[in-house]
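Colleague: Hey, can you work out the whole structure from these sequences and the hints?
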Amino acid sequence: IDANPDQVEQFKSGKGGVIGWLIGQVMANSGGKADPQAVRETLQKLLS
Numbered sequence: 075i076d077a078n079p080d081q082v083e084q085f086k087s088g089k090g091g092v093i094g095w096l097i098g099q100v101m102a103n104s105g106g107k108a109d110p111q112a113v114r115e116t117l118q119k120l121l122s
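One gets this note's numbering by counting positions in the sequence shown from 1 and adding 74 to each.
No lab work stands behind these hints, which were simulated from the structure alone. Positions of the beta carbon are idealized from the N, C-alpha and C atoms, including for glycine. Be aware that one or more of the hints could be misleading.
Below, computed lysine-lysine pairings styled on BS3-like, alpha-carbon distance capped at 30 Å [to be verified]:
#, residue 1, residue 2
1, K107, K119
2, K107, K89
3, K119, K89
4, K86, K107
5, K86, K119
Just the calculated beta-carbon pair ranges, DEER-fashion [said to hold, decoys possible]:
#, residue 1, residue 2, range
6, A112, N78, 26 to 34 Å
7, K107, S87, 25 to 33 Å
8, G106, N78, 16 to 24 Å
Modeller: The following block contains the structure:
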């Protein structure tokens, strides 16, 4: 979240599709080991 403030702002302004991009960043940084559904839920909680 801290590394992608522009995308976070886009999400908060109503561009929900950006969450997919953020999930992709987490997946890339974890080497594909993160659970995408858990990442989505966590991001939604943190960004709401």
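Colleague: Against the structure, test the hints numbered earlier, and report the numbers of the ones violated in rising order.
Modeller: 6
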